[in-house]
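Asker: Hey, can you work out the whole structure from these sequences and the hints?
For reference, the chains in residue letters:
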Amino acid sequence: MSASASAVPVLVARDLEVVRAGRTLAHVDALALLPGDVHVLLGANGAGKSTLLKALNGVEEAHGTLEFEGREVATAAARLALRRRTAAVFQRPYLLATSVHANVASGLRLRGASRAEARRRAAAALDLLGIAHLAGRKPDRLSGGEAQRVSIARALAVDPAVLFLDEPLAALDPPTRRVLVVELLDIFAQRAMAVVWVTHDRDEALAVGDRVSFLENGRIVQTGAALDVFAQPASASFADFLGLDAYLEGEIVNAADSSTVLRLASGVEIACREAADGPAVACLPPEDVVLFAGPPAEHSTSLRNVLPGMVKSVSPSGRLLLVVVAAECVDIAALVTRAAAEELGLEVGGSVVAAFKASAVHPIARHERRLS
Amino acid sequence: MDLIWNGIVEALRLLFGGDGSIYEIAWRSLWISGVALVIAVAVGVPLGAAIALNEFGGRRVLVAATNTGMAAPPVVVGLLVSLFLTRNGPLGDLRWLYTPWAMVIAQFIIALPIVMGLSLAALQQIDVGMRQQIAALGAGRLQGFALLLREIKVALLAAVMAAFGGVISEVGAVMMVGGNIEGQTQVLTTAIVQETRIGRWSVAIALSIILMILAFGANFAMTVVQQQGRRRA
Numbered sequence: 001m002s003a004s005a006s007a008v009p010v011l012v013a014r015d016l017e018v019v020r021a022g023r024t025l026a027h028v029d030a031l032a033l034l035p036g037d038v039h040v041l042l043g044a045n046g047a048g049k050s051t052l053l054k055a056l057n058g059v060e061e062a063h064g065t066l067e068f069e070g071r072e073v074a075t076a077a078a079r080l081a082l083r084r085r086t087a088a089v090f091q092r093p094y095l096l097a098t099s100v101h102a103n104v105a106s107g108l109r110l111r112g113a114s115r116a117e118a119r120r121r122a123a124a125a126l127d128l129l130g131i132a133h134l135a136g137r138k139p140d141r142l143s144g145g146e147a148q149r150v151s152i153a154r155a156l157a158v159d160p161a162v163l164f165l166d167e168p169l170a171a172l173d174p175p176t177r178r179v180l181v182v183e184l185l186d187i188f189a190q191r192a193m194a195v196v197w198v199t200h201d202r203d204e205a206l207a208v209g210d211r212v213s214f215l216e217n218g219r220i221v222q223t224g225a226a227l228d229v230f231a232q233p234a235s236a237s238f239a240d241f242l243g244l245d246a247y248l249e250g251e252i253v254n255a256a257d258s259s260t261v262l263r264l265a266s267g268v269e270i271a272c273r274e275a276a277d278g279p280a281v282a283c284l285p286p287e288d289v290v291l292f293a294g295p296p297a298e299h300s301t302s303l304r305n306v307l308p309g310m311v312k313s314v315s316p317s318g319r320l321l322l323v324v325v326a327a328e329c330v331d332i333a334a335l336v337t338r339a340a341a342e343e344l345g346l347e348v349g350g351s352v353v354a355a356f357k358a359s360a361v362h363p364i365a366r367h368e369r370r371l372s
Numbered sequence: 001m002d003l004i005w006n007g008i009v010e011a012l013r014l015l016f017g018g019d020g021s022i023y024e025i026a027w028r029s030l031w032i033s034g035v036a037l038v039i040a041v042a043v044g045v046p047l048g049a050a051i052a053l054n055e056f057g058g059r060r061v062l063v064a065a066t067n068t069g070m071a072a073p074p075v076v077v078g079l080l081v082s083l084f085l086t087r088n089g090p091l092g093d094l095r096w097l098y099t100p101w102a103m104v105i106a107q108f109i110i111a112l113p114i115v116m117g118l119s120l121a122a123l124q125q126i127d128v129g130m131r132q133q134i135a136a137l138g139a140g141r142l143q144g145f146a147l148l149l150r151e152i153k154v155a156l157l158a159a160v161m162a163a164f165g166g167v168i169s170e171v172g173a174v175m176m177v178g179g180n181i182e183g184q185t186q187v188l189t190t191a192i193v194q195e196t197r198i199g200r201w202s203v204a205i206a207l208s209i210i211l212m213i214l215a216f217g218a219n220f221a222m223t224v225v226q227q228q229g230r231r232r233a
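Residue numbers (my numbering), protein chains in the order written: chain A, 1 to 372; chain B, 1 to 233.
To be clear, the hints were calculated from the coordinates, so they are not data collected in a lab.
Zero decoy hints are in this set.
Among the chain B residues that face chain A by a calculated CB cut under 10 Å, a handful are:
hint : residue
1    : Asp127
2    : Ala136
3    : Gly138
4    : Arg141
5    : Arg150
6    : Lys153
Label pairs and their computed distance ranges (CB to CB):
hint : chain 1 : residue 1 : chain 2 : residue 2 : range
7    : B       : Asp93     : A       : Arg23     : 53 to 59 Å
8    : A       : Ala116    : B       : Gln125    : 31 to 37 Å
9    : A       : Asp201    : B       : Leu142    : 37 to 43 Å
10   : A       : Gln190    : B       : Gly34     : 53 to 59 Å
11   : B       : Leu142    : A       : Asp203    : 39 to 45 Å
12   : A       : Thr24     : B       : Gly92     : 53 to 59 Å
13   : A       : Ser114    : B       : Gln125    : 31 to 37 Å
14   : B       : Leu142    : A       : His63     : 25 to 31 Å
15   : A       : Arg120    : B       : Ile126    : 26 to 32 Å
16   : A       : Arg141    : B       : Ile198    : 56 to 62 Å
The beta-carbon is built from N, C-alpha and C at its ideal position, and this holds for glycine as well.
Answerer: In structure tokens:
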């Protein structure tokens with residue numbers, strides 16, 4: 001699915017800015033979409049993701065430079081040409097008041113396809129999404145999941161060079177969402193189109209994205225390969241967004257043996273990922289923390305950080321439990337299964353040992369920390 | 001009761017006895033209102049759309065003016081058209097006063113705000129997301145406009161029906177600018193007024209029946225188009 005490093009970007013944005021009523025809603029310094037790549041625009045509600053997507057799609061007017069297949073998109077005619085080579089699926093399906101088949105064929109007809117060709121390609125797209133049996137139905141007789149499938153089929157029918165998906169699964173129930181993600185990734189793998197996928201869902205971003213750009217206040221604050229971005233959030237606000245809220249504050253110290261530690265105010269040293277010397281905060285994903293009833297035998301674990309403590313709170317987090325451990329002047333959060341919690345006999349006030357690898361601790365230079 | 005009953009019987013005799021003058025009046029009513037309506041739709045829908053789909057200074061004033069126009073008294077419209085078309089008026093050279101064209105203009109002015117106002121209201125109801133989706137589908141300006149009109153088909157036909165009802169049954173303006181000249185500018189409504197005044201009840205009833213049938217027939221035809229697809233849905 002991921003594009004090769006040598007691939008030529010299909011869409012490039014430079015200093016692209018959407019301004020409405022004197023307010024900048026979205027601004028991107030540089031963004032390049034590669035064919036075959038799924039580029040996720042991730043961020044909280046109101047971060048400017050959808051606005052940026054619409055600017056890239058030519059639906060929203062924007063200042064700056066936008067290049068599609070090497071040509072600048074600067075006029076209304078060029079924006080129309082861009083829209084005719086791309087497709088978009090929004091959070092709501094926005095189906096026209098006509099049959100499902102006519103809806104799926106609508107993009108093709110607007111782009112000049114003959115009636116026969118539109119019919120053939122619409123039928124193929126309906127087949128692809130497994131909704132050929134809905135062809136004759138009207139939109140008001142479809143479930144939410146079916147309607148969104150129709151919207152996706154309509155977008156895929158035109159065989160777009162870039163597919164823009166604006167929270168396409170947000171309105172669907174979790175089982176439908178899971179199935180559709182798998183199907184979409186299969187489809188993307190078979191086609192060489194670039195995909196821009198807007199979401200505020202971290203798990204969805206990680207599940208679908210080759211590359212992830214994190215947006216905040218209308219700006220991309222970090223972009224990169226999905227796994228790298230998630231493993232090393234470059235700002236405290238992104239770490240916040242990712243739920244890495246167990247901050248460890250201290251001083252990064254690089255030892256002569258090239259190991260790196262974060263020295264906390266209490267003097268406790270936490271082994272962490274490489275970072276430059278200096279004041280830093282580090283975040284620790286709760287899912288990377290393992291709990292033990294007592295100190296683990298040294299030979300039984302490769303976990304370099306072992307901190308004894310006391311259970312401060314236990315609260316449900318989806319199907320897991322979030323356990324906060326008060327350990328040596330710092331609170332550490334851990335996600336455990338209910339079965340594991342039972343086995344460990346976790347209860348508030350009880351003793352427990354939190355352990356985690358050095359690679360789980362992501363230091364962020366102190367100046368990145370959001371002031372609040 | 002006898003007066004009414006005899007009137008109805010005589011009216012039916014006139015209707016089915018093939019009285020040419022009655023049908024001539026009916027036909028004149030239909031074409032004058034039809035032409036006025038077609039022009040009002042051709043001008044009113046794009047104007048309504050331009051107001052509904054764009055942001056510009058004075059937009060609210062235009063919307064308020066349009067809504068006011070929907071309730072404009074026909075006699076005031078008649079007065080305005082008379083002032084413009086009278087021999088000394090700005091358009092006096094056209095010599096249209098007391099011709100069917102003056103009546104078309106008056107009915108166009110009555111129908112225009114109705115078509116504009118109702119299509120404007122319907123287009124404003126369309127989610128901006130739908131407009132963006134239509135743009136993203138690759139629609140150019142005209143294609144997008146056509147798709148939006150299809151989305152408001154039901155409301156649009158309701159606007160046409162309301163405007164048609166307004167002009168076919170209107171009497172004040174067409175009386176003033178047409179003059180109710182027999183064989184030239186007499187239409188169903190003005191003829192009904194005249195026949196009632198001189199006590200020819202049966203003719204007035206016959207004309208009223210035709211007017212009602214025309215109004216029902218036109219509305220029924222438009223309703224059929226408007227409701228198409230509901231049975232299949």
